[in-house]
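**Student:** Those protein sequence lines, which keep their order, are chains W and L. Residue 51 in the numbering used here sits at position 51 of the first sequence, with consecutive numbering throughout. Residue 366 in the numbering used here sits at position 366 of the second sequence, with consecutive numbering throughout.
Take the hints with a grain of salt, since some may be wrong.
[What the hints assert, rightly or not] For each label pair, taking beta carbons as the anchor points, the in silico distance ranges come out as: (1) A21/W x Q424/L: 54 to 60 Å; (2) A163/W x Q587/L: 53 to 59 Å; (3) S117/W x E425/L: 16 to 22 Å; (4) E120/W x L390/L: 33 to 39 Å; (5) L79/W x T233/L: 41 to 47 Å; (6) N362/L x A159/W: 38 to 44 Å; (7) E120/W x V357/L: 33 to 39 Å; (8) G614/L x Q11/W: 18 to 24 Å; (9) D386/L x A163/W: 40 to 46 Å; (10) N415/L x E120/W: 25 to 31 Å; (11) E73/W x K609/L: 19 to 25 Å; (12) Q198/L x S119/W: 56 to 62 Å; (13) L92/W x T403/L: 35 to 41 Å; (14) A552/L x S119/W: 47 to 53 Å.
[As the list claims (entries may be wrong)] Here's a subset of chain L near chain W, in silico, CB distances under 10 Å, partners left out: (15) L179; (16) R180; (17) K218; (18) G222; (19) V542; (20) A600.
Because the hints were derived from the structure by calculation, they are not lab data. Just so you know, even glycine gets a beta-carbon here, dropped at the ideal spot from N, CA and C.
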Amino acid sequence: MNYFSLFDIAQQYQLDLDSLAQRYRVLQRLTHPDKHASASDQEKRMYMQKNAQINDGFRVLSDMVARGEHLLELRGVELPSEQETIGDIEFLMEQMELRESLASASNLAEVQSLIDSISESITTYIEHISKLLANNTDSDNHSAGLELSKLKFLKKIAAEAKARAQKETIQ
Amino acid sequence: MALLQIAEPGQSAEPHQRKIGIGIDLGTTNSLVSTVLSGKADCIANEDGEFLLPSVVQYLAEQTVVGSRAVNAAQNDAINTIVSVKRFVGRSVQDVTKQWTALPYNFKYAQGNPVFITAQGEKNPIEVSADILKTLRVRAEQTLKDEITGAVITVPAYFDDAQRQGTKDAAQLAGLTVLRLLNEPTAAAIAYGLDKQQDGTIAVFDLGGGTFDVSILKLDKGVFEVKSTAGDTALGGDDFDYAIVQYVTEKLNLDVSLEKQHHRALMNAAKKAKETLSNKNETQLNIELPDGRHELTLSREVLETLISEAVNRTIQTCKRALQDADMTIDDIQQVVMVGGSTRVPLVRQEVEAFFQVPPLTNIDPDKVVAIGAGIQADILVGNKPDSDMLLLDVLPLSLGIETMGGLVEKIIPRNTTIPVARAQEFTTFKDGQTAMMVHVLQGERELVEHCRSLAKFDLTGMPPLVAGAAHIRVTFQVDADGLLSVTAMEKSTGVQAHIEVKPSYGLDESEILNMLSSSMQFAKEDMQARMLKEQQVDAKRVLESLYSALKADGDDLLDADERAVIDANLAELVVLTEKDNIDDIKQQIEKVDALSQAFANRRMDKAIKLALAGQSVDNI
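Could you put the whole structure together from the sequences, leaning on the hints where they help?
**Tutor:** What follows is the structure, encoded as structure tokens:
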């Protein structure tokens, strides 16, 4: 399944999220089972399956990591194995430091500044990945796969930091 | 021969072609049915003008009694009178008795569904629910003097697959076509038209007779996401009544070991006083007891001190719901009040004080869920073809499978927009293995024992390969009602593995058919006539939709040969529909379905392409 063609948009990493959301709503209105509540069972099934694809496509294309991985899959590039990712010692060290800082942060301001620095780092990663994917050479595609899995780690920590900030706010 | 009238898509139906959709709130204590008449949704009353149908069913040897008459029987014939059956749907006896001790029923201890042994024989919770639904269906049919096209039935947001499936099975058993299962808080928000706004965060506060739920909904561009629900399955308006009874007993020095009927009189007086005090500052309780007539004045102020503890518990639960949703009070823009007990002024005050917004109360809190369901049903039967409204729902609880060591691996996380399909690959661990067992679970916890077991099924007929060589792709499909179905395929050989789903709760198709046919309501000939009629209606629907599809796209999307085959088979279906052979009609429908599948697919793709092309032009 090529989600870029499903949404009829250019097959590239950079995309306009507003336009994607608009297309998603157009496709929802056409295919959602509620719009076919009185159709035959066969048609209902057909639309439900299409609608499920559209939901999944929207999820994949909206997410910087999943979108990149989908693009690589479509290019026939094998995604790096877990061992390959963990092999990057420097990155691992950075990760551990970030986690330690988050664990030892004692107030909202500290958590917030950590969130800011992680988002900065995420932006840098995304720019780098964009370039690699735009080049579309074998070696750049392979590197993009590695960078994407690092981005995945970073986003996970960012989510944990945000959850932590939310907790601090409630208290 | 004018066989059928065909309306173009988008063209509104003629008034006499209006289809009837009903909304049903199948509640723990009371149930209601609603519909849209002349553009306005309202509940349908019974011949006595009552809207609420108590969710109580009494099974006498020769007769089934549903509603108020059964309520009175619950005192003296508890064993045969099932109350609060909703608590049993999709649950095991053990689940329920863990929470509710001293239930007055005779249970048959079977696997899965609990079975009540009554004077009319064995009844499972799905049959009991079906009797409540049937009463509402008949009420709607008699009042509207028309056939009902379909129903939207509400379920609590936290209902899992087994409970949703059970509710849907009950509806089928009651002779209803389910258009959609709708979350109760979402239905309440629809009743207030909150779905028409683009974004917002809504708290739905639902205080019924015996249960309390609060849900935090997030609306984002038409997608309703239930962020969290919290509740207390043993807190409600009944607790307010008990508090008054206790007060009265102390004040008047009444004998606490009252006979059942006198206790009942006391409860009724308390309930009436509570209701009066929603509008007045003071009321007089008059209670007739064997030792004479007792009178007592009760002020709203005193009532509020009596119930403050219970009301406070609801507010504490709201705090928990906010925390679970990772939100603060400032995030909540609207509060919807549901359930009769939210009429109590103290409840409204405390809710407003907590959320810092005036709660929405102008729709009758007893009816609001049913009204929302009725509005949705009206749209789904096609009475508002131009409606832009689309309600997107999410999976309430994560779906996963059992892996090594009794752990659950999540396959579809909660809050994923539905419908959704996800595939997971499995492999064999023994040479020549041709079968494996898959255990599907639902819930957020990590251990199998902490999640709900939905089904265990065997994949059989796999090609015998060396260990790890077979790749079995299992696809989990969740439909718009949140219901799961599973298919599997061995990838390397393309062998479609056979799946036998054994639902841990709920019924399979053949059980439903059996119950339908053994139901005392239908004599055998009635059953035949009913099935024939259903097939004829089905056939007409197929013909209607294909004629209009062919008219629109037949020339464009079919070549002459394809067209000729479809036309010939449609003509055959017309002929068969006028005869009375059920199987022939059924087979011909299946044949037409198969023949027109490619055409249907091409039409869908064409529509998608057209709509997206329109998008591109708009964007330039």
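**Student:** Hint by hint, note whether the structure agrees.
**Tutor:** Against the structure, the hints come out as follows:
With their beta carbons about 28 Å apart, A21/W and Q424/L fall outside the hinted range of 54 to 60 Å. Range check, A163/W to Q587/L: Cβ separation about 57 Å, and the 53 to 59 Å hint holds. Roughly 38 Å separates the CB atoms of S117/W and E425/L, a value that falls outside the hinted 16 to 22 Å. Against the hinted window of 33 to 39 Å, the Cβ-Cβ separation of E120/W and L390/L comes to about 38 Å, which satisfies the hint.
The hint said 41 to 47 Å for the Cβ distance between L79/W and T233/L, and at roughly 46 Å that hint holds. A beta carbon spacing of about 40 Å between N362/L and A159/W agrees with the range 38 to 44 Å that was offered as a hint. About 37 Å separates the C-beta atoms of E120/W and V357/L, a value consistent with the hinted range of 33 to 39 Å. Distance hint check: the CB atoms of G614/L and Q11/W are about 21 Å apart, consistent with the given range 18 to 24 Å.
At about 42 Å, the CB distance of D386/L to A163/W agrees with the hint of 40 to 46 Å. One distance hint, 25 to 31 Å for the beta-carbon pair N415/L and E120/W, holds here, with the actual separation near 28 Å. At roughly 24 Å, the beta-carbon separation of E73/W and K609/L lies within the given 19 to 25 Å, and the hint holds. A beta carbon spacing of about 26 Å between Q198/L and S119/W contradicts the range 56 to 62 Å that was offered as a hint.
Separation of L92/W from T403/L is about 27 Å and departs from the stated range, judged on CB atoms against 35 to 41 Å. The given range of 47 to 53 Å is respected by A552/L and S119/W, whose C-beta atoms sit roughly 50 Å from each other. The interface hint given for L179/L is met, as the beta carbon of that residue sits about 5 Å from the closest beta carbon of chain W, less than 10 Å. Annotation: interface hint on R180/L holds; nearest CB of chain W at approximately 7 Å, less than 10 Å.
About 14 Å separates the beta-carbon of K218/L from the nearest beta-carbon of chain W, more than 10 Å, and the hint is not met. Of the supplied interface hints, the one on G222/L holds, with its beta-carbon coming within about 7 Å of a beta-carbon of chain W, less than 10 Å. For V542/L, the interface hint holds, the least distance from its beta-carbon to any beta-carbon of chain W being 5 Å, beneath 10 Å. Annotation: A600/L was flagged as interfacial toward chain W, and the flag holds, the nearest CB pair being 6 Å apart, inside 10 Å.
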